[in-house]
Amino acid sequence: MERLPLKSKVLNENQIIAESLRQRFREHGVLCLNLISSPGSGKTALLERTLASLSPETRVSVLTGDIQTDNDAQRLAKFGFPVQQITTGGTCHLDGRMIEKHLAVWNLDEIDLLFIENVGNLVCPSSYDLGEASKIVLLSVTEGDDKPLKYPSIFFKSDLFLLTKVDLLPYVPFNADVAEANARMVHPGMEIVRASSTVAGGLDAWLAWLKRRMVQARQEALVSAAEITG
Amino acid sequence: MHELSIAESILEAVRKELVSHPGARPVRVGLLIGELAAVDVDSLSFCFEAVLTGTDWEGLQLDARVCRQRRRCNECGNEFGVVDYNATCPACGGDSTKPISGDELDFDYLEVETDGTLATQVQGAE
Numbered sequence: 001m002e003r004l005p006l007k008s009k010v011l012n013e014n015q016i017i018a019e020s021l022r023q024r025f026r027e028h029g030v031l032c033l034n035l036i037s038s039p040g041s042g043k044t045a046l047l048e049r050t051l052a053s054l055s056p057e058t059r060v061s062v063l064t065g066d067i068q069t070d071n072d073a074q075r076l077a078k079f080g081f082p083v084q085q086i087t088t089g090g091t092c093h094l095d096g097r098m099i100e101k102h103l104a105v106w107n108l109d110e111i112d113l114l115f116i117e118n119v120g121n122l123v124c125p126s127s128y129d130l131g132e133a134s135k136i137v138l139l140s141v142t143e144g145d146d147k148p149l150k151y152p153s154i155f156f157k158s159d160l161f162l163l164t165k166v167d168l169l170p171y172v173p174f175n176a177d178v179a180e181a182n183a184r185m186v187h188p189g190m191e192i193v194r195a196s197s198t199v200a201g202g203l204d205a206w207l208a209w210l211k212r213r214m215v216q217a218r219q220e221a222l223v224s225a226a227e228i229t230g
Numbered sequence: 001m002h003e004l005s006i007a008e009s010i011l012e013a014v015r016k017e018l019v020s021h022p023g024a025r026p027v028r029v030g031l032l033i034g035e036l037a038a039v040d041v042d043s044l045s046f047c048f049e050a051v052l053t054g055t056d057w058e059g060l061q062l063d064a065r066v067c068r069q070r071r072r073c074n075e076c077g078n079e080f081g082v083v084d085y086n087a088t089c090p091a092c093g094g095d096s097t098k099p100i101s102g103d104e105l106d107f108d109y110l111e112v113e114t115d116g117t118l119a120t121q122v123q124g125a126e
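As given, the protein sequences belong to chains Y and G, one line each in that order.
Residue 63 in this note's numbering is what sits at position 63 of the first sequence, and the numbering runs on without skipping anything.
Residue 106 in this note's numbering is what sits at position 106 of the second sequence, and the numbering runs on without skipping anything.
Isolated chain Y (complex conformation):
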């Protein structure tokens, strides 16, 4: 019997693709954000209201994942920006290869902001790096405020926690402070933004966060370009 040391990641194949995507996003100045939540937390609604608020010159594209149907792509295409549906046909998460394949028909030089709406699932998508700059986890107030403790992985790996549907807080037994404290137990210092996709001004804090990250991505692209040209 011999024991061979194996020093690689189990999802090494995916990791290699994700790193190559990340490199391409950086070189082309694309801010890629991977939105993850359980089904029904409001990922598509958030994207609808976000796309509606962006000026037509904004170079934004969306990849939206689902197990079946292209309903979400149809909803999001109404805003005039490029949208592609990724139908996984049963797989509970998106992986790097799916992203790479769908990006092949787009010119990354024409994209500043790429949203990836993952399959509705709070567990599996957290294991698959898609080359994104940040994962964003959404949790709505109609779920439980202990979700960050029940599904710690995604809260640990996400840079931003978007607490959605906060306009419903008066009607549901959900303690937003407890949910946020739970998230920060799992991920100390985590950025948290409260959002509502249905009331006026409900997305102001989210859009400010988004704008800040876009500016930051542009600056990083300039630095990256300067490094390449030497």
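What the hints contain is simulated information worked out from the structure, not anything from laboratory work.
Source: prediction; values computed, not measured.
Which stretches of chain Y does chain G cover? Using the computed rule of at least three CB atoms under 8 Å from a CB of chain G, they are:
(1) 85 to 94
(2) 122 to 132
(3) 141 to 155
(4) 182 to 196
Where a beta carbon is used, it is the ideal one built from N, C-alpha and C, also for glycine.
Based on these hints, arrange chain G on the given structure of chain Y.
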């Protein structure tokens, strides 16, 4: 249920590793799984058995070790295992700590049976 995809990835990696070790028969594969990796070990073992069914490697064992999250203190440099999500440094009481592990999903080792000595030098998977 992404454990099935993960089980397939494990099998694929074992297959690749054995290319450089002709004649070796895999007996046990060791994994390190962070407590924050979102991987259920029981479910993974079940899926692993399922993907082995009908292959030459039925009975290949999975040895998955779950690893606690570890953090490093930004103030005193102490490294510590996190219990009950308490991210405060136990040495200096500092609140500013950063994660150094806990979400890994890594291979550790591959145990093989060989007729003689291994034909080639031991190499990592990648």
